[in-house]
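**Q** One letter stands for each residue in the lines below.
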Amino acid sequence: MTTPILALQSTDQGVPRLPLGDWVDSAISWVTSTFGGLFDAVKSVLEGAYDGLDTVLSGPPFWFVAVALALVALFAKGWKLAVGTLVGLVVIAGVNQWGNAMDTLALVILASAVALVLAIPLGIWAARNDGVSRVLRPVLDFMQTMPAFVYLIPTVVIFRVGVVPGIVATVIFAMAPGVRFTELGLRQVDREVVEAGHAFGSSEGRILRQIQLPLAMPTIMAGVNQVIMLSLSMVVISGMVGAAGLGGAVVQALQRVNVSLGFEAGLSVVILAMFLDRVTSAFGTRSKTARAVAAAGKA
Amino acid sequence: MTGLRVEGVYKVFGRRPNEAVKRLRDGAGREDVRPWGTAAVIDADLDIASGETFVVMGLSGSGKSTLIRMLNGLLKPTAGRVLLGDDDLGAVSASQLRSIRQRKVSMVFQHFALLPHRTVRDNAAYPLALQGVDKAERRQKADEALEMVGLGQWGDSLPHELSGGMRQRVGLARALAADTDILLMDEAFSALDPLIRREMQDQLLELQQTLGKTIVFITHDLNEAMYLGDRIAVMRDGRVVQVGTSEQILSAPADDYVAQFVADVDRTRVLTASSVMRRPAAVAFAGGGPRLALRTMRDAQVAAAYVVDRSRVLRGIVRDADAVAATRAGQETLEGLIDDSLTSVSVDTPLAEVFAPAAESPLPVPVTDDKGRLAGVIPRAILLEAMVPADTSTPPKGTPTADQAAVPAATDTDPADAPGTPADATTAAPSAGRATDQEVRA
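Protein chains in written order, with the UniProt record's numbering: chain R, 1 to 299; chain L, 1 to 442.
Isolated chain L (complex conformation):
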């Protein structure tokens, strides 16, 4: 697998690009160098790991399209280096560059850029023809790629007979057929209508799970960036202003521009269950018996406990009344008392999908990992709090219904203190002291 490195790259269009770069290096701004050329990319440094989905996000004119075109040598940097694996794209010969493009890096275009006079299959086979693959193998590989994007039946059609979404699937199939390690996607879904776009995003994520390509995805849509990207670079006026995971960018925007940008983001789609979950207040072991479960509930001062087995796999919940009844009846295990009707969510579930279970559940929603083990819980109040952008969340920290004394507990890592858990009414007393401390300090 091959990674991509961008080192101090500048790209200036115009009459005297080198003069413009010199002045930019001396601290001039984009507007200051206007007489010498248009600075599209200024001092970009990126290190894109192999197998990573890296999104470059910015508004039009931010330089992102210029940047992606330097990653496969369609444009040469005015200064700096673009390293694709070990190859410096600025230094290789024209024929080497062609062979790199044939074998190492392919591209998906905003307006599909299919050859209108060739069939869908021939379009998908186009990179293979350039690689010199023979006809039979070309056909087979092209059909495989079309199958992957769900267009197996459309090989003999012409592109104009397909809808926009299907055409972009052909564009994707063409890039996949090339079987390169690196996939550049230039606003690949921007020309599609929102529903189709969503569908394509899901498909890309699904394909990426099995293919594990290095994907560089350009978009102006922050929601798309956050949905797809392992990491995101935010560009503004030719400069990369922040690089980080979506959660990093959401929770710690590098400057006001990024903060403003992320203010409108649908946080529920970006933040996942794992980023807000808390430790459960009371966990009982299935083999431990009702008496032990009751003690756990009493210690945590809650009315129900999550039941896990020996390997911490979530089984359901047990209620105190049931446990009391079972103890009276002399029952030795929790079998038969476990209520498994509770919906759990996975650690990767976006918060948007936690709302429904949270609304129905009497207890905080349990979060499980990929092996079904209880990883944490999400109390309703935490869910609501997570919706508020980071910079405005400080003053109204509590929810309106929360007891004033319990407010500081919201930031406390002690799970029992989290408001919204069954414990919150009773934990009011211990946290009251700390609340007073904070008020005094304030």
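Here chain R stands alone, though its shape is the one from the complex:
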């Protein structure tokens, strides 16, 4: 079948075919060829960071890391969470997923850190500027609702297979709640208290550091928790593009219809998720500031 070059193709519904996909494709090709050097730099930085983090988590013996994580839980919340953490980590080791779990943890920590470094300043900017907030909102909606593994395709094109496209896709996918919660938290700070800062001659920067951020911290921490949970879910999906860890095991189990491997890897993800969620949400509520703010809210 030959098609004249100028004739418009049409879809099954008779609507002219919108070549959106082609456009995005050529845009990505253009980006790849133009910013190749930049992407290579990003890739090597992320790879280096991941390798370093993974060495810290996977290098020492199992019991050392398990006890260290249990201590984090103890510090964050209490002995119950510490014991639960220890039991969970022993289960992960017992189903022979320890190495994978540590790879995944390293990915989650790195991706969340990058996402937060980008998200919190964006959230602050959006809270201080209505225009930025208006522009950012649909972008964030888009980032959060786009099916997660769609991000994998361009990132694979740009960064090729491996751990880096997984991290980049995770950062994009997980960033949105970080921005949103930061903006929300800052906007919820009592206006009169901010006004008091101005009235006593504080500068904008000091008001942000001494009043707005501390008072918004519980909300921002809820956003941090969300970012970490989204990162974890995305990190598993990025197993499809060759990212290491539990995601890889899940994808393998799916390909081979291996129920036992699928369950064991999946259970390990759940245990990691519970650990990360409980610890980060405890950090959000246990600080002195958070408690004072919460008590002031009730009073």
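It should be emphasised that the hints constitute simulated quantities derived from the structure, not laboratory data.
Be aware that a few hints might be false.
Going by beta-carbon spacing under 8 angstroms, a handful of chain R positions derived as facing chain L [as the list claims (entries may be wrong)]:
(1) Glu192
(2) Val193
(3) Glu195
(4) His198
(5) Ala199
(6) Phe200
(7) Gly205
(8) Leu208
(9) Pro214
(10) Pro218
(11) Val279
(12) Ser281
(13) Gly284
(14) Thr285
(15) Thr289
(16) Val293
Built from N, CA and C at the ideal position, the CB exists for glycine as well.
Starting from the known structure of chain R, arrange chain L on it as the hints suggest.
**A** Chain L only, in chain R's frame:
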């Protein structure tokens, strides 16, 4: 010390504020300029003297909160000037404005606006930290300020552990710690319940006596305004409709709006003893002897006289029967005859507190000045008359018990003519002639 001047200030919120100001200047009303913006403050002129407690009173939406926020540059006037000392707040740079706020003007907020995550002491020290005061001095000054408001023991608590009244004391301590000449108080006591509010008002007055700051106090409560203010500006729909002392506003309201507003005021709390007192009918000198005292009483046709010493300090009263007995006994001075059980009130006493002494006293209540000297007396009838608002007081001038002929005497400055004094029955005759004159003219 620094005063505050507000010159022709307008503040319009909205899309085209300058257009709105132009139209307002051309005589448009607040509603007429609605399409261009909301006029919060219209052509305000105020001159607040240093050391004065100046109250801006108005209902919500009258523009008073906007006005106070222009006094420290939180809002910039759309037109006109706000002068704090020599600084035009609209013209200074951002960093100058910050330094003015740090050193010259502090603020107390309606809902306290404390930093919930910092201790009471750190809250009180907050302005000092911004001023760059070092830590030890900060702590000492913050504790001093907390001591002043009676919260010396609470420095280590967090704000949410305190009651509302105590929290506002922290707000006050924070403003005092800043040690600025000017203190802005935005509905500072409105969120407190009435008893605490009263307590805070008293405390503020007490502090003000020793500190002598320039205070600009915003309130919607007229009783509060009259209680605290040396002068009061009444605002309505963005305009300042009257500026004056509480007594001026009570006795000569600028328009119907103000008159209506003050109709409900508890006049007994606003009017002071000095504003209604009369000259005493009979005053005897302690050194003058009973014979002289008797003559004074006879001339004034009263049954008792106030006794003062050489420097007019009130000693008590002497009764005619006692004086007669002493004269017969050949006594040379009034010593021993003086009855000092009479309660006197001070010139600043609100009328509300004159009722009790007036009810117990057989004579008009004596009023003394700060040195204890007899300044005047308040007959009961005058007290009752003062309760009636100015505009309705004209027709039923007399009290029901007063003799018809004595009625005009109530407005007479001659103290002996005032009804309710022991002299009133006997002064009926001389004033009768004038009463007839008035009736004829009427």
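**Q** Decide, hint by hint, whether the structure agrees.
**A** So, going through the hints one by one against the coordinates:
1. Taken as an interface hint, Glu192/R checks out: its beta carbon lies about 4 angstroms from the nearest beta carbon of chain L, inside 8 angstroms.
2. Among the interface hints, the one on Val193/R holds; its C-beta lies about 5 angstroms from the nearest C-beta in chain L, closer than the 8 angstroms criterion.
3. A least Cβ separation of about 6 angstroms between Glu195/R and chain L falls short of the 8 angstroms threshold, and the interface hint therefore holds.
4. Annotation: interface hint on His198/R holds; nearest CB of chain L at approximately 6 angstroms, less than 8 angstroms.
5. Interface hint status for Ala199/R: upheld, as the beta-carbon distance to the closest one in chain L is roughly 4 angstroms, under 8 angstroms.
6. Checking Phe200/R against chain L by beta carbon gives a least distance of about 4 angstroms; that is within 8 angstroms, so the hint holds.
7. Checking Gly205/R against chain L: minimum C-beta separation of about 12 angstroms lies over 8 angstroms; hint violated.
8. Restraint check, Leu208/R versus chain L: the minimum CB separation of about 13 angstroms is more than 8 angstroms; hint violated.
9. Hint status for Pro214/R relative to chain L: holds, with the closest Cβ pair at about 5 angstroms, below 8 angstroms.
10. For Pro218/R, the suggested interface contact is broken, since its CB lies about 11 angstroms from the closest CB of chain L, more than 8 angstroms.
11. Taking 8 angstroms as the C-beta cut-off, the interface hint given for Val279/R is violated, the closest approach to chain L being about 22 angstroms.
12. With its C-beta approaching chain L no nearer than about 19 angstroms, Ser281/R sits outside the 8 angstroms limit, and its interface hint is violated.
13. Interface restraint check: Gly284/R against chain L, minimum CB-CB distance 14 angstroms, threshold 8 angstroms, status violated.
14. Interface restraint check: Thr285/R against chain L, minimum CB-CB distance 14 angstroms, threshold 8 angstroms, status violated.
15. Taken as an interface hint, Thr289/R checks out: its beta carbon lies about 4 angstroms from the nearest beta carbon of chain L, inside 8 angstroms.
16. The interface hint given for Val293/R is met, as the beta carbon of that residue sits about 5 angstroms from the closest beta carbon of chain L, less than 8 angstroms.
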